[in-house]
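Trainee: Please model the complete structure; the sequences and the hints are all you need to start from.
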Amino acid sequence: AAVSLQQGIAPREIPYNRERLEQVRHALCGAPQEGVAVLIWPYRDLAPSHPAFVAINRLAARGALPMEVRDVDFQPDAPATAEWRQKTRQRAYETVEVANLGIFPEEGLSRGEYCQRLWDSLQELPIRPYSRMKPDDADGDGILDVDDPTLFTPGEPVEWKKKVLSADQDGLLDKKSAKHARRINFTGKKSAPLTDFEADHGDVYDARRGYGWHRDLSQNDRQRKKVPEAYRDTFLFTRDHDTWECKVPNGTWLVTVCVGDSGHEQIGQWVTVEGKQIIKEEATTDGAFLERKATVTVSDQRLTIEIGKPNAGTNTCLNWVMFEPAPQDK
Numbered sequence: 009a010a011v012s013l014q015q016g017i018a019p020r021e022i023p024y025n026r027e028r029l030e031q032v033r034h035a036l037c038g039a040p041q042e043g044v045a046v047l048i049w050p051y052r053d054l055a056p057s058h059p060a061f062v063a064i065n066r067l068a069a070r071g072a073l074p075m076e077v078r079d080v081d082f083q084p085d086a087p088a089t090a091e092w093r094q095k096t097r098q099r100a101y102e103t104v105e106v107a108n109l110g111i112f113p114e115e116g117l118s119r120g121e122y123c124q125r126l127w128d129s130l131q132e133l134p135i136r137p138y139s140r141m142k143p144d145d146a147d148g149d150g151i152l153d154v155d156d157p158t159l160f161t162p163g164e165p166v167e168w169k170k171k172v173l174s175a176d177q178d179g180l181l182d183k184k185s186a187k188h189a190r191r192i193n194f195t196g197k198k199s200a201p202l203t204d205f206e207a208d209h210g211d212v213y214d215a216r217r218g219y220g221w222h223r224d225l226s227q228n229d230r231q232r233k234k235v236p237e238a239y240r241d242t243f244l245f246t247r248d249h250d251t252w253e254c255k256v257p258n259g260t261w262l263v264t265v266c267v268g269d270s271g272h273e274q275i276g277q278w279v280t281v282e283g284k285q286i287i288k289e290e291a292t293t294d295g296a297f298l299e300r301k302a303t304v305t306v307s308d309q310r311l312t313i314e315i316g317k318p319n320a321g322t323n324t325c326l327n328w329v330m331f332e333p334a335p336q337d338k
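Heads up: take any position in the sequence shown, counting from 1, add 8, and you land on our numbering.
A couple of the hints might just be wrong.
[Unchecked claim] Straight-line Cα separation of at most 20 Å, EDC-like style, residue types lysine to aspartate or glutamate; simulated pairs:
| # | residue 1 | residue 2 |
| --- | --- | --- |
| 1 | K142 | D153 |
| 2 | K198 | D211 |
| 3 | K184 | D85 |
| 4 | K187 | E206 |
| 5 | K288 | E105 |
| 6 | K197 | D178 |
| 7 | K288 | D248 |
| 8 | K187 | E237 |
| 9 | K197 | D229 |
| 10 | K288 | D178 |
| 11 | K301 | E282 |
| 12 | K317 | D224 |
| 13 | K197 | E253 |
| 14 | K197 | D211 |
| 15 | K198 | E237 |
| 16 | K317 | E237 |
| 17 | K95 | E105 |
| 18 | K288 | D176 |
| 19 | K255 | E332 |
| 20 | K171 | D294 |
| 21 | K301 | D337 |
| 22 | K284 | E206 |
| 23 | K255 | E282 |
| 24 | K255 | D224 |
| 25 | K301 | E332 |
| 26 | K187 | E332 |
| 27 | K284 | E253 |
| 28 | K288 | D308 |
[Claimed, not checked] Using C-beta positions, here's what the derived DEER-type ranges look like:
| # | residue 1 | residue 2 | range |
| --- | --- | --- | --- |
| 29 | P137 | K183 | 37 to 43 Å |
| 30 | D85 | A215 | 43 to 49 Å |
| 31 | D128 | Q285 | 34 to 40 Å |
No lab work stands behind these hints: they were computed from the structure.
It should be emphasised that the depicted structure is a prediction, and the values quoted were computed from it without experimental measurement.
From the three backbone atoms N, C-alpha and C, an ideal C-beta is built for every residue, glycine too.
Mentor: Set out below in structure tokens:
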């Protein structure tokens, strides 16, 4: 409304004009000295107090940041890789009308720092206007502008397709895995026994059984009945930090851990094996899993797996583990 009054135009005209849209975005998320910036792109890990908050939001709204459909975290303090910098710079260049973008030192920058410098170099440059295909149908998709919710993006049928999962995301046992490997399924006490698995029901470690937890997790089980294989449909979970151990001979072991939830998305999952972190703050979508391998050395006759993070507030869902003596180098 403020931009409409200031420019003497109807609000309906703003979506057609990139320059006017940028004025709206600037009013909401402009320079820090002009007030508290408002989140205009929903990255959950980007606090308003972060130095790159404005730059990241503005670049994302322009479509200058490469992203996948399920990206909800930006990781502003992670290193800005050369590949990511190249993609971001190219996308940013496509939003302005200049022969070349300004050059600045890029090595050693975090993703947030890179966004700050990139935004500083282009925010005052002339914005490339939208390209109109037809007078009454901006994107030429056959939907008139008055009825089109995405004016400059051709409308296509919405198709929700299940992502084809890779071998390390499907939660399925590798058929080539050694037959002598031990397999533990983490499941509730009412679950039917499985031929290829021993069952862990969340009980405290017992010397006669030879495996178990540091505390009772027997109430922390779920079975979703979403996939046919019970070993990936069931899990034990923690919202804190918990430790599982299994008595094994000292030596080097190849351990495979599977986490995930066949029925719900899970975020912020953590797993370490003998102190080696193999899953850190990672998410799985419903029906998808994370299978990670680690070669570790056991010196106290107990294989130790830790899941979750103290006071995490998110679930780490452990489906199964498989372990065997590590292959010897020939």
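Trainee: Next, verify each hint and record whether it holds.
Mentor: Structure-based check of all given hints:
no. : hint                    : verdict
1   : K142 - D153             : 10 Å, holds
2   : K198 - D211             : 14 Å, holds
3   : K184 - D85              : 40 Å, violated
4   : K187 - E206             : 14 Å, holds
5   : K288 - E105             : 41 Å, violated
6   : K197 - D178             : 24 Å, violated
7   : K288 - D248             : 14 Å, holds
8   : K187 - E237             : 18 Å, holds
9   : K197 - D229             : 9 Å, holds
10  : K288 - D178             : 19 Å, holds
11  : K301 - E282             : 12 Å, holds
12  : K317 - D224             : 17 Å, holds
13  : K197 - E253             : 19 Å, holds
14  : K197 - D211             : 10 Å, holds
15  : K198 - E237             : 16 Å, holds
16  : K317 - E237             : 28 Å, violated
17  : K95 - E105              : 18 Å, holds
18  : K288 - D176             : 16 Å, holds
19  : K255 - E332             : 13 Å, holds
20  : K171 - D294             : 11 Å, holds
21  : K301 - D337             : 17 Å, holds
22  : K284 - E206             : 24 Å, violated
23  : K255 - E282             : 13 Å, holds
24  : K255 - D224             : 18 Å, holds
25  : K301 - E332             : 11 Å, holds
26  : K187 - E332             : 10 Å, holds
27  : K284 - E253             : 15 Å, holds
28  : K288 - D308             : 25 Å, violated
29  : P137 - K183: 37 to 43 Å : 56 Å, violated
30  : D85 - A215: 43 to 49 Å  : 45 Å, holds
31  : D128 - Q285: 34 to 40 Å : 36 Å, holds
Of the numbered hints listed earlier, those contradicted by the structure are 3, 5, 6, 16, 22, 28 and 29.
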